[in-house]
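2 protein chains.
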Amino acid sequence: MTLRKSITLLVLVLQPLLFSAPLHAEEGMWLPDTVRSLPLETMRSQGFALRPEDIYDPRAASLTDAVVIVGGGTGEFVSPEGLLLTNHHVAFDAIVAASTPEHDFAQNGFLAKTRAEEIPAKNYRAQITRSFTDVTSEVMSAVREDMPANERGRAILAKSDEIARAAEKGHEKEGLQCRVVEMLSGMNYVLYTEQVLKDVRIVFAPPKSIGYFGGDPDNFEWPRHTGDFTFLRAYTGPDGSPAEYSENNVPYRPKRYLPISMAGYQEGDFVMAMGYPGATYRYRESYSIDFREHVLYPYQIELLKSQIQLLSEAGKRDPALALKLSSQVFSLSNALKSMEGDLKGLRRSALLERKRVEEAKLSARIGQDPAWKAKYGDLLPRFAQLYQDLNSYFLPQSAIGELLGASDLLQVMSLAYRRAADREKPAEQRSPELSDRAIENVRKNLEETMKDRTPNVERMLLEQALERADRLPSGQKIQAVERRIGGRTGEERRKGETDLARQLFEDSRFNKVENVDGLFAMSLRQVDEITDPAMRFAADLAREAEPLGKRSQAFNGAVSKLRPIYIRAMSEARKDLLYPDANRTLRFTWGNVRGYRPRDAVLYGYKTSLKGVIDKATGQEPFDVPARLKELSAARDFGNYLDPTILDVPVAFIATTDITGGNSGSPMMNGKGELIGIVFDGNYEGLGSDYVFNINTSRTISVDIRYVLFVTDKFAGASNLLRELEIRNAPAAASAVSSPR
Amino acid sequence: MTLRKSITLLVLVLQPLLFSAPLHAEEGMWLPDTVRSLPLETMRSQGFALRPEDIYDPRAASLTDAVVIVGGGTGEFVSPEGLLLTNHHVAFDAIVAASTPEHDFAQNGFLAKTRAEEIPAKNYRAQITRSFTDVTSEVMSAVREDMPANERGRAILAKSDEIARAAEKGHEKEGLQCRVVEMLSGMNYVLYTEQVLKDVRIVFAPPKSIGYFGGDPDNFEWPRHTGDFTFLRAYTGPDGSPAEYSENNVPYRPKRYLPISMAGYQEGDFVMAMGYPGATYRYRESYSIDFREHVLYPYQIELLKSQIQLLSEAGKRDPALALKLSSQVFSLSNALKSMEGDLKGLRRSALLERKRVEEAKLSARIGQDPAWKAKYGDLLPRFAQLYQDLNSYFLPQSAIGELLGASDLLQVMSLAYRRAADREKPAEQRSPELSDRAIENVRKNLEETMKDRTPNVERMLLEQALERADRLPSGQKIQAVERRIGGRTGEERRKGETDLARQLFEDSRFNKVENVDGLFAMSLRQVDEITDPAMRFAADLAREAEPLGKRSQAFNGAVSKLRPIYIRAMSEARKDLLYPDANRTLRFTWGNVRGYRPRDAVLYGYKTSLKGVIDKATGQEPFDVPARLKELSAARDFGNYLDPTILDVPVAFIATTDITGGNSGSPMMNGKGELIGIVFDGNYEGLGSDYVFNINTSRTISVDIRYVLFVTDKFAGASNLLRELEIRNAPAAASAVSSPR
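Chains as they are written, first to last, in the numbering used here: chain A, 1 to 741; chain B, 1 to 741.
No lab work stands behind these hints: they were computed from the structure.
Don't be surprised by glycine CBs; every beta carbon is placed ideally from N, CA and C.
Just so you know, not all the hints are guaranteed correct.
Claimed, not checked - 20 Å max Cα-Cα, derived PhoX-like pairs, lysine-lysine:
{"no.": "1", "chain 1": "B", "residue 1": "Lys344", "chain 2": "A", "residue 2": "Lys611"}
{"no.": "2", "chain 1": "B", "residue 1": "Lys324", "chain 2": "B", "residue 2": "Lys451"}
{"no.": "3", "chain 1": "B", "residue 1": "Lys512", "chain 2": "B", "residue 2": "Lys451"}
{"no.": "4", "chain 1": "B", "residue 1": "Lys198", "chain 2": "B", "residue 2": "Lys159"}
{"no.": "5", "chain 1": "B", "residue 1": "Lys611", "chain 2": "A", "residue 2": "Lys344"}
{"no.": "6", "chain 1": "A", "residue 1": "Lys122", "chain 2": "A", "residue 2": "Lys169"}
As the list claims (entries may be wrong) - Just the calculated beta-carbon pair ranges, DEER-fashion:
{"no.": "7", "chain 1": "A", "residue 1": "Pro298", "chain 2": "B", "residue 2": "Lys305", "range": "33 to 43 Å"}
{"no.": "8", "chain 1": "B", "residue 1": "Lys305", "chain 2": "A", "residue 2": "Lys550", "range": "51 to 61 Å"}
{"no.": "9", "chain 1": "A", "residue 1": "Ser45", "chain 2": "B", "residue 2": "Leu40", "range": "45 to 55 Å"}
{"no.": "10", "chain 1": "A", "residue 1": "Pro298", "chain 2": "B", "residue 2": "Gly401", "range": "44 to 54 Å"}
{"no.": "11", "chain 1": "A", "residue 1": "Asp615", "chain 2": "B", "residue 2": "Ala335", "range": "25 to 35 Å"}
With the hints as extra help, turn the sequences into a complete structure.
See below:
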């Protein structure tokens with residue numbers, strides 16, 4: 001497998017033609033191999049002191065080797081012995097999973113005083129990008145111009161899978177996994193080779209009152225005072241290759257880890273971050289913006305609100321359940337605030353109107369130029385038609401998703417039904433997502449999934465989903481529901497919903513994992529013969545979802561064909577580089593430390609302080625400050641971690657770097673590639689930047705590495721950890737107690 | 001009557017002895033005749049260009065003649081024909097009173113196109129300070145050292161009244177009124193001579209969406225975007241002397257009016273304001289702070305919350321009633337937010353602890369020095385004892401106040417009872433507040449008071465007050481209530497409260513004004529013979545309140561004797577001038593235009609803009625922006641009112657001047673005494689400054705005079721008004737539409 005070919009195709013340098021919309025120099029989530037095409041002179045003048053190959057070099061160790069996918073975010077190696085830094089909120093699921101009512105690490109924090117005390121981070125993996133290479137022509141070889149849209153999509157998926165499986169061959173021992181990723185809405189396809197470390201452990205997590213300080217009210221807000229960090233450690237088998245957890249495992253020795261700088265930063269300083277952003281939509285057609293602004297977000301926001309309310313209520317009467325649900329409530333709340341912000345950002349930026357104006361210009365150009373008419377004539381009408389169709393089935397399809405999603409059991413049952421039905425089809429018509437490999441993955445986790453169920457919560461969620469299904473427009477109702485409790489209204493309907501939800505979760509043989517697992521071995525006829533009401537409901541829903549899924553596939557296939565054309569048409573004016581939308585692959589972003597003006601007569605500074613933490617203290621969660629932290633602040637016992645410009649410990653700072661969800665935990669570095677902070681959030685005023693980046697208001701929020709070390713050292717006394725780190729530019733000498741201001 | 005003696009006694013220059021707590025140069029609400037003792041050189045270096053006698057000169061016209069008490073605030077003359085500027089919220093009661101459902105001036109604003117169209121501002125007076133003179137020795141001549149505390153208080157009141165009445169004699173025609181005012185908690189007494197103009201009319205009020213933009217959520221907040229101004233006009237009889245409203249009246253010709261400067265201001269510029277601040281407590285003993293922080297504010301905050309909720313609910317089902325109650329709900333909400341802020345400010349500033357430390361130092365000094373022991377030995381123990389007593393009757397006394405205050409009828413009835421009882425006493429024991437003169441004032445407004453009643457709301461308020469009375473500590477219950485519905489609990493008690501409240505407001509002969517008025521002519525026996533349940537309840541409450549009132553009088557007498565001693569003892573360290581606490585007399589304050597840092601990493605700028613108004617627009621009250629204003633902003637049709645530093649119309653600005661409630665509507669002037677804005681609020685972070693001024697966070701919020709003129713001119717087209725004003729420094733030429741940024 002050759003990994004040396006870099007993917008210059010992604011750097012589109014197109015002729016200026018129609019529209020002139022220059023990007024800001026700093027905007028962009030760049031693939032690591034495109035750093036050399038960035039405005040290096042500008043960057044160097046601001047403090048960038050590395051060569052592009054220091055960022056990514058498939059032939060040698062580079063920063064890329066230090067930055068990993070972990071949990072739902074990003075992490076970075078900070079010691080030669082596999083020590084990882086990420087966010088507290090990224091590691092939180094693992095911390096909750098390791099907690100018991102007696103040892104509530106989620107609440108009180110956790111510190112392993114020795115390696116032996118480090119505890120497994122359940123279900124956490126550390127995934128390192130080893131290399132990536134363009135495979136567009138290979139993928140596109142599977143596509144014929146005349147293919148129907150849904151076949152086209154399936155062909156691309158199948159070919160991508162084939163390429164990935166072939167690339168993995170012979171590398172199993174190294175723990176290498178491959179995947180082909182779509183870039184720029186299908187303009188390119190890139191093969192990624194990644195190493196997955198399977199034994200990750202929790203080393204040090206601060207208490208919730210530091211790691212989650214400010215909680216939901218402060219989420220997305222600046223100024224921020226959260227010590228949002230956790231130390232993890234990756235382990236391998238004794239031979240250095242990836243292995244599942246074992247006592248015999250040894251710390252992983254990364255090819256590269258990040259040194260830490262205590263020198264701080266000033267407003268305007270060059271900074272850069274690397275990480276795995278999840279999804280952006282920077283090149284979307286107006287129809288997509290319209291759909292998201294007026295259909296998708298309103299739908300999802302309402303759904304999230306009702307689910308959050310339900311789960312919060314459910315936890316109120318049961319502290320153990322509340323603990324179990326807390327992480328879920330947090331991520332739903334996080335998603336809600338994010339979507340509300342996105343929606344607000346979309347409205348505020350008037351992006352829809354701007355896109356429509358751009359498309360109107362494109363239409364005019366098409367009308368005037370026969371060559372353009374030939375190339376792009378049916379582009380916009382096709383989009384219009386596709387979205388009209390989407391609007392006709394989006395709600396019922398989502399409702400079926402809600403009904404099945406209410407319960408892990410229904411979910412698994414519907415999958416088993418679909419698997420059985422799929423195997424009746426000729427091989428070439430089968431769905432890749434129901435392949436042996438995919439099903440194996442589900443079955444592997446089945447025991448855990450079934451054990452983790454909370455049937456009471458599932459019942460309530462299902463009841464809620466049934467109630468919401470009742471509010472669908474007539475003509476879009478769910479038949480599987482109507483056949484069971486249709487024709488009733490008001491109180492009677494509500495009672496029908498309650499009864500149905502209860503009936504489905506009554507004791508049955510499918511409370512046993514082996515019986516559920518057995519479903520996957522059955523033929524369609526066997527599955528159809530099962531009379532269990534949950535199985536029948538799941539099967540009915542799956543059957544009803546199938547044609548909608550086909551239309552959805554056709555939609556995806558069609559837009560995946562149209563979008564590259566659209567981007568090309570719309571971009572023919574741009575002189576700048578294009579960067580692909582975020583898709584959970586490794587990206588590089590650079591910018592400057594900088595405050596901003598959130599609204600009239602208000603200026604936000606670029607850095608917060610320990611004093612600000614104390615000022616926010618109310619004694620009540622999430623603004624409770626540990627007594628020890630108050631003491632350190634009052635005694636000005638700052639150790640080495642005082643920032644001389646504020647005469648206090650710095651806590652968090654903001655920069656103009658371009659990030660999104662998935663970047664949580666990313667290393668924020670100075671121009672030398674030294675760690676100065678950990679990315680943990682974007683700001684509220686910057687929400688909407690998934691669609692359009694605004695340098696005036698979009699900011700990355702990072703916890704200052706000096707606060708991380710201050711908490712680790714002075715608050716928690718974890719000097720063992722500090723000795724592992726490579727700390728540069730520490731003040732020559734610092735008195736334990738600095739003189740007061 | 002000689003008015004020339006100025007009151008230098010108020011400027012205390014005491015020997016430094018104990019404590020060192022220098023004031024900020026800018027702090028202080030100064031009597032106008034003390035301006036000459038202020039740091040004039042510093043002020044001049046910043047832009048102050050007047051002589052002290054330009055501020056106040058009893059022999060000639062001065063700024064003092066341009067600044068009046070109007071409504072609950074302050075106003076200033078801005079034209080030779082009696083045109084007054086004040087706040088929209090100061091004039092709001094008059095605007096509401098002039099409104100009908102058909103002509104809702106409160107909602108839509110009001111503009112008189114001609115003088116004839118100007119409408120009376122019901123119950124509004126304009127009160128001008130003509131002169132003031134120290135009368136301390138005269139007042140104190142009525143006091144003997146060995147008088148009991150309550151007698152002492154009464155003697156001071158009686159003597160003060162005697163001095164005032166004597167001073168008025170012979171000046172009735174000029175409409176001069178006199179009053180003696182206590183300064184520095186009784187260290188001095190000052191005789192004020194004031195002219196009261198009785199015919200005030202509404203000239204131009206902007207719509208609520210400008211004058212009250214931001215409403216309650218923005219109240220006390222900076223940055224602010226409220227066009228909080230209204231034009232009034234004062235009238236006199238044809239001979240120029242004060243007269244009640246008549247068609248024949250003519251515009252008042254002020255001795256002095258303020259010119260307007262369009263030159264604007266920059267950060268750091270000198271500014272000054274004059275006005276009638278209501279009350280501050282800057283020299284209070286720790287016991288008073290303790291009482292306010294832990295008893296008075298918690299009590300009042302709870303009371304205000306329940307009353308606001310009740311009145312808001314009451315208005316929901318009845319738009320006409322809602323309109324009637326809106327002003328009351330606003331002032332209650334305003335008081336609530338103010339008290340909550342004060343309480344927060346008290347806690348944040350830890351003033352109680354600081355006062356206690358100061359008093360502990362005083363105690364130590366007293367312990368060491370026999371001379372001090374003689375002078376101040378019983379000072380602090382006396383305070384301790386007085387407040388202990390106050391705490392034993394404050395709640396029941398307040399509860400009786402609530403019960404009577406629920407209803408204007410009960411209020412008047414209890415007054416009639418007290419009047420009748422008072423007349424049974426020997427003349428020298430009678431209460432000054434029940435004098436013929438005081439009762440006449442009440443009877444004069446009786447018809448109006450009775451007509452304005454809302455019996456349903458009174459009934460609900462009384463029911464609430466009864467319910468609150470039930471929660472009093474045992475031993476402090478109200479006997480007038482317990483005798484009627486005592487011994488019941490829970491639902492039964494609630495029913496008793498409902499029944500009692502209903503019974504008191506059933507149709508009775510006291511729904512007729514003449515019957516109520518007749519009460520004041522009755523003897524105590526006659527009053528006692530009335531069987532009407534409301535009359536009996538009011539009489540019982542008044543009787544029960546009497547001994548509490550006596551204790552309260554004794555408390556006031558005692559603290560009025562102690563506080564001057566306390567201030568002297570505590571101040572013997574200060575080199576600075578003392579200024580008397582605010583007491584609704586005319587004050588001068590100076591400072592600088594300046595932003596501030598409300599919290600960690602946040603800087604508030606000193607000026608807001610029209611763009612900020614548009615940015616806040618939600619379409620929903622109180623953030624609805626008139627379409628016309630949006631158009632002017634979008635078209636950048638700013639007329640002469642563009643601020644070149646922000647390329648927009650300036651809306652509001654902040655300065656370090658020292659103000660409090662009552663200053664609303666005060667002129668904010670530049671160093672030349674030209675009007676640059678109208679004070680309309682203090683900021684939230686500055687609440688608590690009634691107790692201790694903090695130059696870092698206390699700010700005065702003013703509406704920019706250019707926004708006032710922009711709204712008057714470009715928005716409302718009231719060019720007739722503009723011609724009356726003396727506008728200086730207008731830009732030489734301005735295109736109607738400025739170039740966009």
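Verification of the supplied hints:
no.	hint	in the structure
1	B:Lys344 to A:Lys611	holds, 18 Å
2	B:Lys324 to B:Lys451	holds, 13 Å
3	B:Lys512 to B:Lys451	holds, 10 Å
4	B:Lys198 to B:Lys159	violated, 28 Å
5	B:Lys611 to A:Lys344	holds, 18 Å
6	A:Lys122 to A:Lys169	violated, 28 Å
7	A:Pro298 to B:Lys305: 33 to 43 Å	holds, 35 Å
8	B:Lys305 to A:Lys550: 51 to 61 Å	holds, 58 Å
9	A:Ser45 to B:Leu40: 45 to 55 Å	holds, 51 Å
10	A:Pro298 to B:Gly401: 44 to 54 Å	holds, 51 Å
11	A:Asp615 to B:Ala335: 25 to 35 Å	holds, 27 Å
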